[in-house]
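J.: Single-letter residue listing:
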Amino acid sequence: MEAPKKSTRGQLRAELGATLGFVERNFYLSKRYLGWEVVFLFYTIVNTLTIALIGVTAPGQAGEKVLYLVIGALLWGFLSIIFHDVSESVAWERWEGTIEYTFMAPIHRLTHLGGMCIYAIIYGILRSVIVLAVVALFFDLDLGGANLLGALAVLMMSSISFIGLGLMAAVLPLLSAERGAQATHILQGFILLVSGVYYEVSVLPRWLQPISVISPATYTLRGVRAALLEGVPLGELVPCLAILAATGVILIPAGLAVFAWGENYAMRAGKLKRSG
Amino acid sequence: MSGNGVPAAAATAVRKTFREKDETLAYLPEYRGLAGRWKYARLRPKDIRAVNDVSFEVRRGEIFGILGPNGSGKSTLIRLVATLLLPDAGRVTVFGMDVVKERRAVRHLINRVSVEAAFFKKLSALENLRYAARLYGLPPREGTEHALVILERLGFDRRKAFGSLENLSRGMQQKVAVARALFTSPVLLLLDEPTTGLDPRSKREVQEFVLEVRATHDTTVILTSHDMAEADRLCDRLAFIDEGRFVTEGRPAVLKEEYCRLRPDGATLEDIFLDVTGKHLIAEGDD
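Going line by line, the protein sequences match chains A and B.
Just so we're aligned: 5 in my numbering is position 5 of the first sequence, and the numbers increase by one with no gaps anywhere.
For any residue, its number in my numbering is found by taking its place in the second sequence, counting from 1, and adding 276.
Keep in mind that the hints were calculated from the coordinates and are not lab data.
Note that the structure is predicted; figures quoted are calculated from it, not measured.
From the three backbone atoms N, C-alpha and C, an ideal C-beta is built for every residue, glycine too.
It is possible that part of the hints are untrue.
Claimed, not checked - Restraint ranges, calculated between C-beta atoms of paired labels, are given here:
hint : chain 1 : residue 1 : chain 2 : residue 2 : range
1    : B       : Arg-313   : A       : Leu-175   : 16 to 24 Å
2    : B       : Thr-300   : A       : Arg-179   : 16 to 24 Å
3    : A       : Ala-257   : B       : Gly-366   : 53 to 61 Å
4    : A       : Trp-36    : B       : Lys-377   : 38 to 46 Å
5    : A       : Gly-60    : B       : Trp-314   : 48 to 56 Å
6    : B       : Gly-366   : A       : Leu-175   : 22 to 30 Å
7    : A       : Trp-261   : B       : Glu-333   : 28 to 36 Å
8    : B       : Asn-443   : A       : Leu-175   : 30 to 38 Å
9    : B       : Glu-333   : A       : Trp-36    : 49 to 57 Å
10   : B       : Glu-306   : A       : Trp-261   : 34 to 42 Å
My request is simple: use the sequences and hints to build the entire structure.
T.: Right under this line is the structure:
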């Protein structure tokens, strides 16, 4: 008896099907928790509006300040969805008790995590678009001179970095479901503090500023703001894109390696099971 | 041994130890307060040997039962075969393939039903089955239709497959778990107390289906159970496990015959269980 042999094409099709399985499963879960989805969306919209209103009170260039803050709130919302969904993918399964079933499936771990990432990106974009549409009703956002394509390029490139960060954080709930989830929230909060989401990193205490250099969110915010507020052309965004690409190239394989180590540890220590 | 002589599943001198801190100690007065918590945090975890030098071979098409009290190592053994745990020592193979080195190939051949029906409980049975179909490379529509046919065969009302699983009884959920394991046509089926919590009729339906699957698909089954009648009915061979070790092994009829010599009034599997494990039967739950 041997495992069923499939052609490379067949294997690829099966892995793609499984990737779609994770996207579809998460879609069904969002549908079943629709009430909570609406509540969280409402809260995000209100949160973005209140942050933007701080800009209205700013002296002088109020319009620009509003846009500056809206970009910060939207980007943070998008990046934290990606980070949160990827990093908590294991924690959910441990709480639901499905972790053993998912990890026993004959699929590549990349397929599993890739599916989670794809859903997180689609979900993050959809939510951000809805929030932006509602915010636009409240404020006169001037995007006349904005380089939308450049902003989109920065956003897509930064998603890769955040997926890498999420993969690294996803290993924590493998080691301990509750403490792991707690640690990912602390990490997320720390990125929020140092990345200049609502302010320039130059206002941070001097000792904290060097840490902002290693956060991919710093470059994302800088790049998107340059594209939308100043209309900086794509060519001038290349250094920012290059940093984000390099971060992604390092973080994704590193994230997968850390995850593989964590999975092996969990299988050795007997932690690959339901929790709670 | 049938076929080319390779056993469907085999374990050779397998050991598995877990390191765990005794959490009940945390409630003792000496571990209360800040200093006590610090002292508790520094306690060294204890080694718990869950599987201790276990060897067995399961022939193709055989139903092999593992019986033992709570915490005896049954579920750990199933998890080792299911590629969910790495053995500390020894080797586990499925159709000759090492469960550690050829993990993915082994996963194509197996499926498992655990004592707890592990599902996304907010989703419907159909949505969970569709997800499972995609994970196992089956076309989702045909896969779920096949699973629904199995569910109907197990006495499950098809209409209930569309509602949230959390609204179904434990027995119903367990039937969905059985259908999910069987619709991928595994050649080695790992059943970890699959009928725990089912009513007698449902239990009987699942047992009959397991026998039917073995007869029609040449499926090999490793079954753990607390239910002696179930083990007697389904298993070709049995092993009793206690504190991680196999204490006796053989065909149910032969075991009963051997024990009848010790008990002139006749021996049941339950008598053998109590004799070899020296423990009382506990209805549910496991290690």
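J.: Now tell me, hint by hint, if it's right for this structure.
T.: Checked hints:
1. The hinted range of 16 to 24 Å is satisfied by Arg-313 of chain B and Leu-175 of chain A, whose Cβ atoms lie roughly 21 Å apart.
2. The hint said 16 to 24 Å for the Cβ distance between Thr-300 of chain B and Arg-179 of chain A, and at roughly 20 Å that hint holds.
3. Ala-257 of chain A and Gly-366 of chain B have their C-beta atoms about 28 Å apart, which leaves the hinted 53 to 61 Å range violated.
4. For the hinted restraint 38 to 46 Å between Trp-36 of chain A and Lys-377 of chain B, the CB-CB distance of approximately 43 Å keeps it satisfied.
5. Distance hint check: the CB atoms of Gly-60 of chain A and Trp-314 of chain B are about 55 Å apart, consistent with the given range 48 to 56 Å.
6. Checked against the hint of 22 to 30 Å, the C-beta distance between Gly-366 of chain B and Leu-175 of chain A comes to roughly 25 Å, which is consistent with it.
7. A C-beta distance of roughly 33 Å is found between Trp-261 of chain A and Glu-333 of chain B, which places it inside the suggested range of 28 to 36 Å.
8. Range check, Asn-443 of chain B to Leu-175 of chain A: about 34 Å between beta-carbon atoms, so the 30 to 38 Å window is met.
9. About 50 Å separates the C-beta atoms of Glu-333 of chain B and Trp-36 of chain A, a value consistent with the hinted range of 49 to 57 Å.
10. Remark: the range hint 34 to 42 Å for Glu-306 of chain B to Trp-261 of chain A is upheld by a beta-carbon distance near 37 Å.
Comparing the model with each numbered hint stated earlier shows that hint 3 is the single one that does not hold.
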